[in-house]
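Chemist: Protein chains in written order, with the numbering used here: chain F, 1 to 463; chain H, 1001 to 1463.
Watch out, some of these pointers could steer you wrong.
[Said to hold, decoys possible] Chain H side only, calculated, beta carbon under 7 Å to chain F, not exhaustive:
#1 D1159
#2 T1237
#3 D1285
[As the list claims (entries may be wrong)] Between beta-carbon pairs, the in silico distance windows are:
#4 T400/F / E1040/H: 23 to 33 Å
#5 A297/F / E1320/H: 55 to 65 Å
#6 P50/F / Y1423/H: 47 to 57 Å
#7 E1320/H / A168/F: 28 to 38 Å
#8 D164/F / A1230/H: 24 to 34 Å
#9 A1049/H / V76/F: 51 to 61 Å
#10 A297/F / K1028/H: 44 to 54 Å
#11 D1084/H / D434/F: 37 to 47 Å
#12 P433/F / A1099/H: 14 to 24 Å
#13 E1040/H / P44/F: 49 to 59 Å
#14 D1084/H / G382/F: 33 to 43 Å
#15 G91/F / D1084/H: 49 to 59 Å
#16 A216/F / E1040/H: 49 to 59 Å
#17 E231/F / D1142/H: 40 to 50 Å
Since the hints were made in silico from the structure, they are not lab data.
Yeah, the Cβ is synthetic: ideal placement off N, Cα and C, and Gly gets one too.
There are 2 protein chains.
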Amino acid sequence: MATITGVRVEDVRFPTSVTADGSDAMNKDADYSAAYVVLETDAPGPDGAPLGGYGLTFTIGRGNDIVAEAARQQAVTLVGRDVDELAADMGALYRDLTADSQLRWLGPEKGVVHLSLAAVLNAVWDLVARRAGKPLWRLLVDLTPEQLVDVADLRYLSDALTRDEALALLKAQEPGRQERLAHLERTGYPVYTTSAGWLGYSDDKLRRLCQEAVDAGYQHVKLKVGADLAEDVRRLTIAREVLGPDRNLMIDANQVWDVPQAIEWMRELARFDPLWIEEPTSPDDILGHAAVRRAVAPVGVATGEHCHNRVMFKQLFQAEAIDYCQLDTGRLASVNEIVAVLLLAAKFGVPVCPHAGGVGLCEMVQHVSVLDYVAIGGDLTGRVTEYVDHLHEHFTDPVTVADRGAGTAYVLPSLPGYSTQMYEESVERFRFPDGAYWVGDTSAPGTTVRDTAVRDTSQHVPH
Amino acid sequence: MATITGVRVEDVRFPTSVTADGSDAMNKDADYSAAYVVLETDAPGPDGAPLGGYGLTFTIGRGNDIVAEAARQQAVTLVGRDVDELAADMGALYRDLTADSQLRWLGPEKGVVHLSLAAVLNAVWDLVARRAGKPLWRLLVDLTPEQLVDVADLRYLSDALTRDEALALLKAQEPGRQERLAHLERTGYPVYTTSAGWLGYSDDKLRRLCQEAVDAGYQHVKLKVGADLAEDVRRLTIAREVLGPDRNLMIDANQVWDVPQAIEWMRELARFDPLWIEEPTSPDDILGHAAVRRAVAPVGVATGEHCHNRVMFKQLFQAEAIDYCQLDTGRLASVNEIVAVLLLAAKFGVPVCPHAGGVGLCEMVQHVSVLDYVAIGGDLTGRVTEYVDHLHEHFTDPVTVADRGAGTAYVLPSLPGYSTQMYEESVERFRFPDGAYWVGDTSAPGTTVRDTAVRDTSQHVPH
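Whenever a hint applies, use it, and build me the whole structure from the sequences.
Modeler: Written out as structure tokens, the structure is:
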């Protein structure tokens, strides 16, 4: 027996706006934040401390408290539930949590109540994997095709993918699972980096970071664009110089353009041979993305970090609107909805290159990418998962990237869970608004935070 | 001078689940609620009391506190602003309020932060109309085409509608404005009723309410469907018997079907000759609605009450997915986004039949429908606006419907504002969780609430 005895939800905010980490054409002053859910149980964990589950969704500052409150209201319904019973039917738990029609009205399946649901379900999946003593990716690839399809939320998808089709697809990938897993255990899962390309960085910093990416073995580097065309040309010229003609350069407009403007702007940027243009327009504009894609080919179109649910992804695939599916582990409703999107992507033959960065997203996407390759998509062609090198120091099981001869890659995590537990010291220090950092004590003693994100806090006025 | 001096946001919930008002295949226990925003000023109103602005968005219970908190965070930024300056450039105010990229992340433009923005902007529009001493519809139809297009949020729409096209469309309607207005002042704006058709009602109650609708002069009646096919057939048989072959019968599935299921179910229900099937599937499924529409013609497809923004409506029009546009005044970001959708609908030739019911939605949609006919769409063909007869008793300027010879219709409101002010007694009594009703005092003295929605409160355990 292991019973969920309590729930704690924290509003944790890192002052990343100080260093312009995360700055792009739409988001100029992001304070990377997490609505962080802790599920407490009465069972002992492997280290003697009680077994817990830790999950989060990512936001960029104000409103993180609103998401946290929604998560609290959803999570309290779990108190008293037995962990092993939950683990035995995670599809049923998902349906329970999404069946509250009063909360559903506030979406449905989008915005705050869907972000908060992601945080809650991420915590449950973390708990279930910890209880099983496995990293989440291994728990998932150990499921049979029937178990995996039972986990997936296939509602509203049957015009594109029936349960039988999903099952057939999973069964077809079953024979190669062990071989593909062995490959990933040798090489890791390929990544690209966005650390170089934030808009707020100077040209010198951009050049230096591009060079560091090359030196570190990256074959893909992404830059933000869309604020000013002349500046984009200047920055892409620098990046191309450093990367050379053969490495992949991706660009990301973060939704700033209308459709005709995206097409026009890309006429000017196509000469830098980008692999993809990411978020060229409103994330809701399926038909707009399809129009942009037709106009800018052979440059690819990528989107997904703001794609709010599987019904939107279904249509992006049906409309042939995207070349790369960038699903987000904090925006989709955890593994249940992610498996559905991975199945759709596999059926439509669109590579999944998950969005990451933020807070804890890298920690989660590595599990998803392993699941995709081993059990669902079964292919690495055109796949590369985002990696951003910040804020990992706040996690107890941070991502590791290494180049083992096949390019820079996520090393498969080995500890039990979803890699989503934060150090209590980090939570305490950056809890908003009462953590030591936010009350103005920028040199609080007794923390173990190795704090790259707050290097310049001496100039920061908490807000 | 009139300065906004304070903001008050209330979580008001009416216990409608007691009587099954509002029950449908998706939403079985709705407690109709409002996140209610009050803007206080230092200027005198016409009655001597200080001038205020009153706005709301509608939810169905749990989570209304979350929307209220988001509205509070958005509304407090208005304190200190001058009302006349705001009124002079409502487009700029809209851009200010939507420019918070941190809150934008929680949507963007959808879910809780968009619902709350609607409530805040509805309050500002109410305030501006009160300050001008006009009902909102008159303030809007008195704007020039240039002023009206400056109010509209046209971002992300230029592939479907440019500013110049919007302006040309408004100018083309200018000569007929006075004539159309005079027509509405004589006849009112045509309505249909949903009061008869909630799923939770017995057959006898259904038959009685249909007969009452016929007796009251309604030419359109709407029923909920989708929970059980045999029951739908039985209920539609009753309704058709009472309505006869010539009156219009609409049906509403409230999103319960997958696309293939919607098509199959409608094969059985088509024989009742429904004018439209409403919300046959996920509100996000643009391509799914288009597929259903192709399959069920000549039955029309209607949707919109959960269509979360103008970008989604743009695509519903582009994909020829709907026959009726049911925009919602609590879900779109007030007049600014509504004008954009009315312009799109006019360009694509889709009749706008706004969603109403809930709390205060009828009060708002009458203003929108007048604006549409007089200044934008310019046509009544195929138009009929929803009307539900409950909860109006809580508003200081409730809707009036009457049959003046052209069918049952909203009588044009004449008091200044957006008709969105609630009685303070109602707010006090139904404020959650501390209002007299919710603390268990179901017979609180001293209220003036004429309370159709809480007839059966003696059996109700507050939750």
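Chemist: Decide, hint by hint, whether the structure agrees.
Modeler: The hints, checked one at a time:
A least Cβ separation of about 4 Å between D1159/H and chain F falls short of the 7 Å threshold, and the interface hint therefore holds. A hinted interface residue such as T1237/H counts as satisfied when its beta carbon comes closer than 7 Å to some beta carbon of chain F; here the least separation is about 28 Å, so the hint is violated. Satisfaction of the interface hint for D1285/H is found here, the shortest Cβ-Cβ separation to chain F being roughly 5 Å, below the 7 Å cut-off. Taking 23 to 33 Å as the suggested C-beta distance range, the pair T400/F and E1040/H does not conform, at roughly 55 Å.
For A297/F and E1320/H, the hinted distance range of 55 to 65 Å is not satisfied, since their beta carbons lie about 25 Å from each other. Between P50/F and Y1423/H, the C-beta spacing of about 51 Å keeps the proposed range 47 to 57 Å intact. Checking the proposed 28 to 38 Å range against E1320/H and A168/F shows it holds: the Cβ atoms sit about 33 Å from each other. One distance hint, 24 to 34 Å for the beta-carbon pair D164/F and A1230/H, holds here, with the actual separation near 27 Å.
Separated by about 41 Å at the C-beta atoms, A1049/H and V76/F break the suggested range of 51 to 61 Å. A beta carbon spacing of about 48 Å between A297/F and K1028/H agrees with the range 44 to 54 Å that was offered as a hint. Evaluation of the 37 to 47 Å hint for D1084/H and D434/F yields a pass: the beta carbon distance comes to about 40 Å. Evaluation of the 14 to 24 Å hint for P433/F and A1099/H yields a pass: the beta carbon distance comes to about 23 Å.
Separated by about 55 Å at the C-beta atoms, E1040/H and P44/F satisfy the suggested range of 49 to 59 Å. Between D1084/H and G382/F the C-beta distance comes to about 57 Å, which lies outside the given range of 33 to 43 Å. The given range of 49 to 59 Å is respected by G91/F and D1084/H, whose C-beta atoms sit roughly 57 Å from each other. Taking the beta carbon of each, A216/F and E1040/H are about 57 Å apart, inside 49 to 59 Å as hinted.
Evaluation of the 40 to 50 Å hint for E231/F and D1142/H yields a pass: the beta carbon distance comes to about 43 Å.
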